[in-house]
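Residue numbers (the working numbering), protein chains in the order written: chain A, 1 to 267; chain B, 1001 to 1279; chain C, 2001 to 2339.
By construction, these hints were calculated from the structure, which means they are not laboratory data.
Possibly wrong hints are sitting among the right ones.
DSS-like, lysine-lysine: derived pairs with alpha carbons at most 27 Å apart [said to hold, decoys possible]:
(1) A:Lys50 with C:Lys2288
(2) B:Lys1135 with C:Lys2222
(3) C:Lys2043 with A:Lys63
(4) A:Lys50 with C:Lys2291
(5) C:Lys2222 with A:Lys50
(6) B:Lys1135 with C:Lys2326
(7) B:Lys1041 with C:Lys2326
(8) A:Lys50 with C:Lys2161
(9) C:Lys2043 with B:Lys1135
(10) C:Lys2043 with C:Lys2102
Sample of chain C residues with no beta-carbon within 12 Å of chain B, all distances over it, derived [claimed, not checked]:
(11) Gly2055
(12) Ser2065
(13) Lys2161
(14) Glu2191
(15) Trp2243
So, partial list: chain A residues that the calculated Cβ filter (under 7 Å) puts toward chain C [said to hold, decoys possible]:
(16) Phe21
(17) Val40
(18) Ser41
(19) Val53
(20) Ser57
(21) Asn125
(22) Ile127
(23) Gly130
(24) Ser157
(25) Thr159
(26) Tyr226
(27) Tyr231
Think of the CB as a built atom: it goes at the ideal place given N, C-alpha and C, for glycine as much as any other residue.
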Amino acid sequence: MKIRSRPGSLMVCYLAVISVFLLLPQLIVVVVAFSEASFVSFPPPGYSTKWMVRVLSDPSFMKPLWNSVVLGLSASIMAAALALPASLAIVRHRFQGARALQNFLLSPLSMPTLILAIALLFFLNDIGLGNTYAGLVFGHVVVVLPYLVRTIVAVYSGTDPRIEEAAYTLGAKPLSTFWFITLPMLRPAIFAGGMFAFLVSFDEVAVALLLSNASSITLPVSILTYLTYNYDPAVAAISVIKMIIVVLALLVLERFYGLQNLTMQSR
Amino acid sequence: MSRPRSMRQNARGYLLTFPAFAFLVVFFVGPLIVNLFESVKNEDGGLTYAQYVRALGDAYYLEVLGDTIVLSLAVTIASLVLGYPLAIAIARSRGALKSFLIFLVVTPLLINVVVRTFGWMVIFGRSGFINAILKLLDLDTATLTGTWTGIGIAMVQVLLPFMVLSIASTLEGIDGELEDAAITLGATPLKTIIHVIFPLSLQGVITGTLLVFALSMGSFVTVMLMGSNSTMVLPLLVYQQLNLASDWPFAAALGNILIFVVLIATALQLGLAKRGVRR
Amino acid sequence: MITRLSKVTLSSLVALTFMMGPSIADDPLVVVSSGGIWLESAKANFVSCYEERTGEQPEVLTINSSEVLNRIRANPDNPPIDVALLSEIDAIRAGEEGLLEKLSADNVPNLADVPEIFREQWNNYATIQNFGAMIVLYNKEAVPEPPADWKTLIDETIEGKYGDRVSFPAVTMAWGPMFTWFLTTLYDGDEDMVFEKYKEMLPNIANYWTSPVDAMNMFAAKEIDILVYWDGRAYAFAEENDWAGAYIPDPGAFQSAAMIAKVNNGSDKAWTYIDCVLSPEAQLGHSKMIKYPIVNSKVEYPEELAAVLTPLEAVRQPEFRSFMDKIPDWIERWNKEVR
């Protein structure tokens, strides 16, 4: 347990540097969110909470924020429901064409979302799903599915098939083996993949720009259209609120579940 | 590892993958065909390769494609090198520290790209952080905005989470005792990482490089905001064609070229993964 | 087993998604607005008027012109938008593609008070709702006497008089092609000359901007001394900061506008909304909020508002049809040559 218990001074140094690298741009945004100026500038001439207050009381930001949360969750859960059985089959059943199939399930990654968005817009209209909420969700499922497939495949192929075989040998039914053995082994994958899926959907703009409507408008869309003509710190403020929400979500997970359980494999 | 493939294995495999497969056939291949058709149709309804000739027959577009690939490769490698130790740290830490590290690595994704790029402009700008420090040290000032280096740094920051969490999630699965054994047998921590941990985390590394490479190949907002005409990437040209020139056929052709390149890269990486596992 | 389970989960999820998702109400009028202060103004001035007249609430979409155009193109028979807000060129394209319905004083009574010039080039398929111009914002301390006209500004920039502390809009900025057309009018319609000037300026400018936010920030951080920028924002910044000034160089500026139009096959209630947008009260209210000039000739601006609006005489409306087909070439030329 040497690496685990004693992070060397080199590691501490590295962690400090990478923390600054990862956080600095966001810290600047946080500072700007509390600017009193009506233009985005750094450092701000003075500080005030007026932009935070404005954004929190502005339904044209808060409603899209909620919409984005719902869309992100719906798309991630649906994508996980599709990805999980497929990934299990690809790793364990080793059927003919499994590798080609994995390639196929990952291929939406290679399509620039700009192109996917406009093609989906016309395609969904052709099949009668134009201007529907389902169309928007399906669009996001296409975008986030590869993240889940690849993460689950990667983690699952690193696990030992003998554990599941042992369970079968001991008379466990496939479903209970899946529930009690396989699923716990896949926790880190589902956590990492689900996190990617949610965050990618949460920040996806190209598909949402063309497929959302007035009642389903997402936060990135409202930020983007806001930025076209307005240059004040409101977008910095809404970004800070977004960060706070995720911090709270992580804290809640930590409090009720223990975050380490999410990525830690049960051995 | 390879067992004989039975009919039952095949049938089960197909059954389990069917929902995902069918979903993508409709909602991904469908649009893909719409897009392909758009790129090859000519005005009187016939087929033409003109858009592809226009793109591939022009040294400028080839150069931009090359630059895009080089930038994406550089970003991918930098993310791997920078992110690997962080992935180890996440996999090996517990409790509050772990939560903090996970939060640390995902924060860049929580801020809209336009706003985040503003943060980088403040850091890299003429009167920005870096130049203020350089001035303090009496060194020559440098402007990173508008350069490949600046763009690359900003992209690595936001793509790191994909690399780090991919690797961390496979590292979680590795038995800590293996490392202990290696160290007990006299291996240095660095050697342990290179010879024991890295090969075992290969699946995660492949996942991370795959995601980061594909995402870099498709991203253009950072380049648009931080770059200039001397730092052009293919997806930005797609954006221009769609939004300014309103030329969907050409945008579709450029997009298809991009898809083709990334698909090949994905297949190559997955092939590598298979070889690595066999070894 | 697992498949059956996943199928059940999946179908219930899909069902849930349909139920949970924001439902699309029966048939409200769908209109478009830009975001932020523009949305506030649309709600305060246009939507309120529409509600008063019809007792109904329209849905307001905040998307940009190219998305509006793509959406109505995708479904011309049953368009998801009734009242479109488009850029000048997208409005011409949409009109020519048969996606819009002609406006007339019969359908939109207030159109009678909107001068012809605001819709002539669009063959009455769309009308300007408000307009602005691109002018010069400068640092009074660094440049006490800014050049009086555009050509001098360009030539002095090439000479390096302002160091590299100047920023112009890029051709690939949304209104860049219009600015490029405007520059060609200064050089007797010679495009080659304009691109030559773009190229010659390159070493002596900070950048050609594509993002209005970043451009303004560079100016506010005093990283640049001269910025070619939108009039409304430039005047507002100069008003707030003593060290900054804004002016229209000779011989004026080009007009940039937001176009409003009724989508073909959209609801007929669209006429009422457009009539509201063009009504004198809503127009004045809109102008007060967004600080841009509007088009209804019955409106008389209060003095303090008139002082910060670019007068119609100072702007030149681009001859869109003379250059819109050249835009793809201009973009390609810009990408290839000016680097």
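Outcome of the hint check:
1. A:Lys50 with C:Lys2288: It holds: about 22 Å lies between the C-alpha atoms, which stays within 27 Å.
2. B:Lys1135 with C:Lys2222: Holds, at about 17 Å.
3. C:Lys2043 with A:Lys63: Between Lys2043 (chain C) and Lys63 (chain A) the Cα gap is close to 16 Å, so the pair holds against 27 Å.
4. A:Lys50 with C:Lys2291: It holds: about 22 Å lies between the C-alpha atoms, which stays within 27 Å.
5. C:Lys2222 with A:Lys50: 25 Å, holds
6. B:Lys1135 with C:Lys2326: 46 Å, violated
7. B:Lys1041 with C:Lys2326: 22 Å, holds
8. A:Lys50 with C:Lys2161: 41 Å, violated
9. C:Lys2043 with B:Lys1135: Status violated; Cα separation ~50 Å.
10. C:Lys2043 with C:Lys2102: 25 Å, holds
11. Gly2055: 38 Å, holds
12. Ser2065: Its Cβ does come within 12 Å of chain B, the nearest being 9 Å, so this is violated.
13. Lys2161: 18 Å, holds
14. Glu2191: At about 16 Å from chain B, Glu2191 (chain C) clears the 12 Å cut-off, so the statement holds.
15. Trp2243: Label holds. Min Cβ-Cβ 15 Å, cutoff 12 Å.
16. Phe21: Not OK, violated: Phe21 (chain A) not within 7 Å of chain C, min 21 Å.
17. Val40: Holds, because the Cβ-Cβ distance from Val40 (chain A) to chain C comes to roughly 5 Å (cut-off 7 Å).
18. Ser41: 4 Å, holds
19. Val53: Cβ of Val53 (chain A) sits 16 Å from chain C, so the hint is violated.
20. Ser57: 13 Å, violated
21. Asn125: It holds, given that the least Cβ distance between Asn125 (chain A) and chain C is near 5 Å, below 7 Å.
22. Ile127: Ile127 (chain A) check fails; min Cβ-Cβ to chain C is 12 Å, beyond 7 Å.
23. Gly130: 5 Å, holds
24. Ser157: Violated. Min distance 18 Å.
25. Thr159: Hint on Thr159 (chain A): violated, closest Cβ of chain C at ~17 Å, above 7 Å.
26. Tyr226: 4 Å, holds
27. Tyr231: 5 Å, holds
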